[in-house]
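J.: Assembly of the complex is requested from the two constituent chains, each provided in isolation within its own frame, with the hints serving as guidance.
Chains A and B are the protein sequences, given in the same order.
Residue numbering for the first sequence follows our numbering, beginning at 1 and increasing consecutively.
Residue numbering for the second sequence follows our numbering, beginning at 1 and increasing consecutively.
Just so you know, not all the hints are guaranteed correct.
Said to hold, decoys possible - Label pairs and their calculated CB-CB ranges: (1) PRO11/B x HIS278/A: 46 to 56 Å; (2) ARG89/A x THR85/B: 37 to 47 Å; (3) ILE38/B x PRO120/A: 38 to 48 Å; (4) LEU26/B x VAL194/A: 19 to 29 Å; (5) LEU7/B x LEU154/A: 26 to 36 Å; (6) ALA6/B x ALA255/A: 33 to 43 Å; (7) TYR216/A x THR85/B: 17 to 27 Å.
Calculated from the structure, these hints are not laboratory results.
Heads up, the beta-carbon is just placed ideally off N, CA and C, and yes, glycines get one too.
Each chain, letter by letter, is given below.
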Amino acid sequence: MSGVDFENALGLVQLDTNVTETDGDDAEYDSGGAAAHPDDAPVGEASTSDGAGTITFDRSGIRAGFLTCLPVALGVGGYGIAFGMLARRAGLSVAESALMSATVLAGAAQIIAVELWAEPIPVAAIVIATLAINLRYSLMGAALGPWLGRLSPLRSYGSLLVMADENWALTMRELQSGSGRGAFLLGTGIAMWVFWVTSTIIGAAAGGVIGDPASYGIDFVLAAVFVALATELWEGRSTLVPWLVALATAIVAAALVPGQWYILLGGFAAAAVEVIRHDG
Amino acid sequence: MMGEGALALDPLVVGVVLAMALVTALTKVGGLWLLRRIEVSERLEAGLSVLPGAIVIAILGPELAAGGPAEWGAAGVVLLVMWRTESILLSLCSGVGTVVLFRAIA
Chain A
1 MSGVDFENAL GLVQLDTNVT ETDGDDAEYD SGGAAAHPDD APVGEASTSD GAGTITFDRS
61 GIRAGFLTCL PVALGVGGYG IAFGMLARRA GLSVAESALM SATVLAGAAQ IIAVELWAEP
121 IPVAAIVIAT LAINLRYSLM GAALGPWLGR LSPLRSYGSL LVMADENWAL TMRELQSGSG
181 RGAFLLGTGI AMWVFWVTST IIGAAAGGVI GDPASYGIDF VLAAVFVALA TELWEGRSTL
241 VPWLVALATA IVAAALVPGQ WYILLGGFAA AAVEVIRHDG
Chain B
1 MMGEGALALD PLVVGVVLAM ALVTALTKVG GLWLLRRIEV SERLEAGLSV LPGAIVIAIL
61 GPELAAGGPA EWGAAGVVLL VMWRTESILL SLCSGVGTVV LFRAIA
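Isolated chain B, as found in the complex (with noise of 0.2 Å):
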């Protein structure tokens, strides 16, 4: 399967991978490296508590938007079952396998 130069490491494409490593490591370690340097008010305190609901919505919004009755079931299957059982994983496979379902109906 693996055809010629499967393995191949052109000098060029490891520094410009290891370029997007690097820039991604400082977003990903940048928040919390600001977030220790900085005075935080009361007041930046309350805006950042609501951080994790807001991007979390921000993410799934469109991504929601961008679909159609089949993924707005299964979000509701997922919703539902998450609300009732607390288990992520059995809302993870409900939600799935309804928007394969329903995508196979549609």
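Chain A extracted, bound-state conformation (with noise of 0.2 Å):
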């Protein structure tokens, strides 16, 4: 509907000011992106690290982005086993384990709500922890509006319903390298899908054979992937003020506020004291 006004206030003038900005910086990003991809790269030299240059959906982005989201996807597998394991010690058979890891896809919500259950099934509980544990995924998709916001309503809403934690960071990464891959959400989520759904019956039907998946590092692969996104995402100085607000209320609210609204929290500070610095 109003896709076009979007795009004018979104895509294009938002990330012209991050040009602008952090010229020095941009150039990392964009050898990044193209170091990232040697095999298909017409990225090019010349694409601004802005996403506003075309963007496609098609069979390679998908492809790009399944091949990207591998190894990770293997990580979250560890945590599927576990999911899997915890779902079915909750008295979840196998078929309504791997049911709610193919329909929800959300790591975090789903083993809290494993852990809530009881009989009878605190249905109300449950829903609300959901809910709350995955406002953040609204943020997230917002993040990705820039790109996301110029592809058609069944592409982009059908691909940020198989975005999670991991294969978001992903995109973010490859969408800020100026790739103009709009299919490369999809295609780290279909490597996410896979392998969460195959895991979490491999957990259920094991029961407690596998061990602790701290025990092969497999718990670190989130924080490993959001340091390596991080690394990329720092633009200089002008990114230093709202991650150290982020960084502190999230710290803060973790501590004091129960569930993760911490995630919430800190997004919104850095971005509420970035709308007041703005001096138009």
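T.: Have a look at this one:
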């Protein structure tokens, strides 16, 4: 509907600001994006890191996303096994656990849900907890707006349905590099889905056979993905204030507020400070 | 391995699972849906532009704060490898390898 307005308002202008603010670091971005895809790189040096160029949605984008996400999805599979075992212990059948992984596709919310699971099922508590834990996805989806907003609703919303933390991070990185691969999120999401559902079934079927994911370092994969992404999102001094605000807010909120509200609060606080600091 | 009832689908359980799926789907598409419908001022735009990094830091900060020297060291390795090589795969592998190693030492 107002797709064009949105494109003008956010896709172009917002990122133009980025370019002017951070000339030096943008060069690093571009080389990063190109270096990450040496095999199929019509990315070119000329591509700006703003994504304001053309945006595609094709099979090669899906494929690139899928392949990039494979090692991350493997780590996610470690969590899937843990989730499957927890779900089974909570009294869900293998089929019910698999159904939850296939339709919800949100690790943290699912693990909390099966921890809340009891007889009778506390339906309201589970659904409200799921909402609270996953509200961060709205913020993450909005952050992908400059690119996804230029795709059709079916493609953008469809891709968002398979978004989770890890593949959001990979997609953010890809699109910031200026590749314009609109189907990247879908490709990463398919990899996440396949590994998440398969590993849930394995974990649920195997019961307690497999040990603690921490002993294989799998619990560190999420943190590692985010450190890598932070390295690339760093834009020099203009990034410092919002990041410090996000960090301080998140750490204080994580200690004071139950659940995962700290993520939302950290994001909102940084955005709010930036809105206040913005002087026209 | 699969005990009796592994394939059971209790209607109430399926209902709760689908309710979770619906709520989650709404959160996933909600942000973009809203963005498409509101007038985005330049001010708001400036705020939105810092969201990606801020969310990353908000997730990462408490996670690392809850860890110990093994996690901090491994995070440093990821940072260094990513900065030097720009390879996500290489930095992930060295990070996970480092955390396993450091935990074994500690």
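J.: Run every hint past the structure and note whether it holds.
T.: Structure-based check of each hint:
1. The hinted range of 46 to 56 Å is satisfied by PRO11/B and HIS278/A, whose Cβ atoms lie roughly 52 Å apart.
2. Between ARG89/A and THR85/B the CB atoms are about 41 Å apart, so this pair conforms to the stated range of 37 to 47 Å.
3. Restraint check, ILE38/B to PRO120/A: a C-beta distance of roughly 41 Å satisfies the suggested window 38 to 48 Å.
4. In this structure the supplied range 19 to 29 Å holds for LEU26/B paired with VAL194/A, their Cβ-Cβ distance being about 24 Å.
5. Range check, LEU7/B to LEU154/A: about 33 Å between beta-carbon atoms, so the 26 to 36 Å window is met.
6. About 41 Å separates the C-beta atoms of ALA6/B and ALA255/A, a value consistent with the hinted range of 33 to 43 Å.
7. Roughly 23 Å separates the CB atoms of TYR216/A and THR85/B, a value that falls within the hinted 17 to 27 Å.
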